[in-house]
Each structure stands twice: as C-alpha cells, then as structure tokens.
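> Sequence:
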Amino acid sequence: MSLQAEFFVEDLRKDKSGRLVVVGIPNNGRGVRIGDTFVIQYEVPRSLDDVLSERPLAQPINQRAVSLKVAAIDSMRTFVGELPLGVTGGLYLEGSGIECLAKRTFLKTSDSEF
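Each residue of the sequence shown is one higher than the one before, counting from 1 in my numbering.
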C-alpha cells in the first residue's frame, strides 16, 4: 500500500464562519491526517462512480504544484485526526495553491513525508 494519500475534491463550501471547506473523499493510498501536506493537484477525466468503484486512473491532466497542509478535518460534524479511505469529510487547508482548488480534482501527498 502506498504511503501517499489521494483526496478526490467533490465540492468547495464555506462553513458558518466563512472558512473554506474542501469536501471530498480519500480514495487511494491511505486516509488523510491532520498535518498532511498535499503537494500536487490534478484532474483525471472520470466520474465519482469511477472513484468509488476503484477503477484505475486515467492519465492525470492539468497538474499543478501546491503546498496545502491539512489544518483540521470535519467528519459528520465532528473534528477528527484522520479521515479514513472511502469516508466523505471536509478538510480545512492552509498554504499556497488554495486559490487554485476546484471541484472534481485530486490532491495528493508526497511519499517523502514519511
């Protein structure tokens, strides 16, 4: 199993205080943890059904370097330390590249964090 975490961005919302919440699902590798840093954002032409059915990825397109650290994780209205694979939740991210976030894209961490 890969040490990387991949997160499918399903939606971008604002919480009651106006902070951006990145809603999605860890779909490959491992779950997402507080302190993880996403280093790349990209698109893959596939549907949410493809993601949930674990169909192989097509070739990534529109790759962009980011440095987005997971500051908090909301899972079912409770703040948690880790969002497991396959569980939808909201990430609060900090860092560079936040202005580039878009729906139906992927974020991936680097193996070098471990």
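Each hint should be verified, as a subset may be incorrect.
Below, computed lysine-lysine pairings styled on DSS-like, alpha-carbon distance capped at 25 Å [unchecked claim]: (1) Lys-69 - Lys-14; (2) Lys-103 - Lys-69; (3) Lys-14 - Lys-108; (4) Lys-103 - Lys-16; (5) Lys-14 - Lys-103; (6) Lys-108 - Lys-69; (7) Lys-16 - Lys-69.
Here are the computed distance ranges between Cβ atoms for each label pair [as the list claims (entries may be wrong)]: (8) Lys-16 - Pro-60: 32 to 40 Å; (9) Ser-75 - Ser-17: 24 to 32 Å; (10) Gly-35 - Arg-55: 15 to 23 Å; (11) Ser-17 - Glu-54: 14 to 22 Å; (12) Leu-12 - Met-76: 14 to 22 Å; (13) Ala-102 - Ser-75: 19 to 27 Å; (14) Val-87 - Ser-110: 17 to 25 Å.
Derived from the structure by calculation, the hints contain no laboratory data.
Quick caveat: nothing in here was measured; it's all calculated off a predicted structure.
In this text, a Cβ means the ideal position worked out from N, Cα and C, and glycines have one as well.
> All the hints need checking, so say for each whether the structure fits it.
To see whether the hints hold, each was checked on the structure:
1. Lys-69 - Lys-14: At roughly 18 Å apart (the allowed maximum being 25 Å), Lys-14 and Lys-69 satisfy the hint.
2. Lys-103 - Lys-69: holds, 18 Å
3. Lys-14 - Lys-108: Distance of about 22 Å is within 25 Å: holds.
4. Lys-103 - Lys-16: With a Cα-Cα distance of about 20 Å, the restraint between Lys-103 and Lys-16 holds, given a limit of 25 Å.
5. Lys-14 - Lys-103: This hinted pair holds, its Cα atoms lying about 14 Å apart.
6. Lys-108 - Lys-69: holds, 11 Å
7. Lys-16 - Lys-69: holds, 21 Å
8. Lys-16 - Pro-60: 32 to 40 Å: At 34 Å between Cβs, range holds.
9. Ser-75 - Ser-17: 24 to 32 Å: violated, 18 Å
10. Gly-35 - Arg-55: 15 to 23 Å: violated, 30 Å
11. Ser-17 - Glu-54: 14 to 22 Å: violated, 35 Å
12. Leu-12 - Met-76: 14 to 22 Å: holds, 19 Å
13. Ala-102 - Ser-75: 19 to 27 Å: At 22 Å between Cβs, range holds.
14. Val-87 - Ser-110: 17 to 25 Å: holds, 22 Å
Checked against the numbered hints listed earlier, the structure breaks hints 9, 10 and 11; every other hint is satisfied.
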